[in-house]
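Chemist: Listed below, chain by chain, are the residues.
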Amino acid sequence: MTAASASGNVIRKYLPVYFVLLGIFLVEVFLAFQNIPIVTLVLIFLALALCSAALGLMYFMHLATERRSLFLSLIPVTIFVLLMMNVIWSDSYRLLRMRPFQP
Amino acid sequence: MSESEVAIHAQTALHGPNDLMEGSPYAIPSRKLTVWLFIISDAVTFGAFLFSYGYLRAATPNWTHPFESASVVNVIIMTFVLITSSLTMLGAVDASIAADKPKAMRFLYSTMALGSLFAGLHIREWFQLFAKGITLNSGLFGQTFFTITGLHLLHVISGVIALLVVATKYSRGSLTPSHVETTGLYWHFVDLVWMFVVPLVYLTNIAR
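Line order of the protein sequences matches chains A and B.
Counting along the first sequence from 1, when you hit position 10 you're at 10 in my numbering, and nothing is skipped either side.
One rule links them: number in my numbering = place in the second sequence (from 1) + 1000.
No lab work stands behind these hints, which were simulated from the structure alone.
The structure displayed is predicted, hence computed values, not measured ones.
Warning: the hint list may mix true and false statements.
DMTMM-like, lysine to aspartate or glutamate: derived pairs with alpha carbons at most 25 Å apart [unchecked claim]: (1) 1132(B) with 1042(B); (2) 1032(B) with 66(A); (3) 13(A) with 66(A); (4) 1032(B) with 1042(B); (5) 1101(B) with 66(A).
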């Protein structure tokens, strides 16, 4: 089998992921028209969006088949960035009350 | 040919001769690692915007619900277009790694066309909101909606431009399949962000 002919299989390989992503989206549209309290609805949407993102990361972005070292090196970076963001959360509470900064 | 020479030839075919001296921490191609780090930082940017939107949305009792069924249909088409563009991008990456340049170019042009269609539908949606009097200056909904979707649209347009540049240079032979692959990572990321934007920004604001 030549390299060129092997390239045609990738669409077929990822079609199930594609249909699952579309399915999740259609479930979200269906839920949006139901009488569900907004907080519950947002939590359901977040959970479904996280599932979609996980599928996209693992299969479309090939994180599932990447070197383990790439996966492992991204985890501490993500934690570091989130911790850095944590520094500015306190500012968001201050701005909420529109108080000037007082050292 | 020794095993190490075979490995060098394979590396040259994928990344180009100039990248043989590229330092690769943890044996990961530096270009790919850089794009992943960019994706993480960009994801945090979107996360902060969506977090602030959610906070305002939950704290505001009289929130605007402007999206009628026509808008929902438009969003369904937009989502279908964007997810399909991820599939064509996968085809482009795979064909480029398999050294099938014509096929890779067809997939790249398809991805660009779908990205442009998405941007066009997005702008049409914006103009429909303008017609209803909802703009960037019309309260919290307008500010958060146009900021978040505008940032995403900026990413889509940037992605289409990046794809155009990479496709042109790849067809001339000055870029390698690894460039197509890293551009693909960015494109998939833009698709994933949309998976969060649609339910949180559009589907929670449907007119009843």
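Chemist: Against this structure, judge whether each hint is valid.
Modeler: For each hint, the structure was consulted:
1. 1132(B) with 1042(B): Not OK: residue 1132(B) and residue 1042(B) at ~32 Å, beyond 25 Å, violated.
2. 1032(B) with 66(A): The given pair, whose Cα atoms are some 11 Å apart, holds under the 25 Å limit.
3. 13(A) with 66(A): OK: residue 13(A) and residue 66(A) at ~17 Å, within 25 Å.
4. 1032(B) with 1042(B): Holds, because 15 Å separates the two Cα atoms, which is no more than 25 Å.
5. 1101(B) with 66(A): holds (24 Å)
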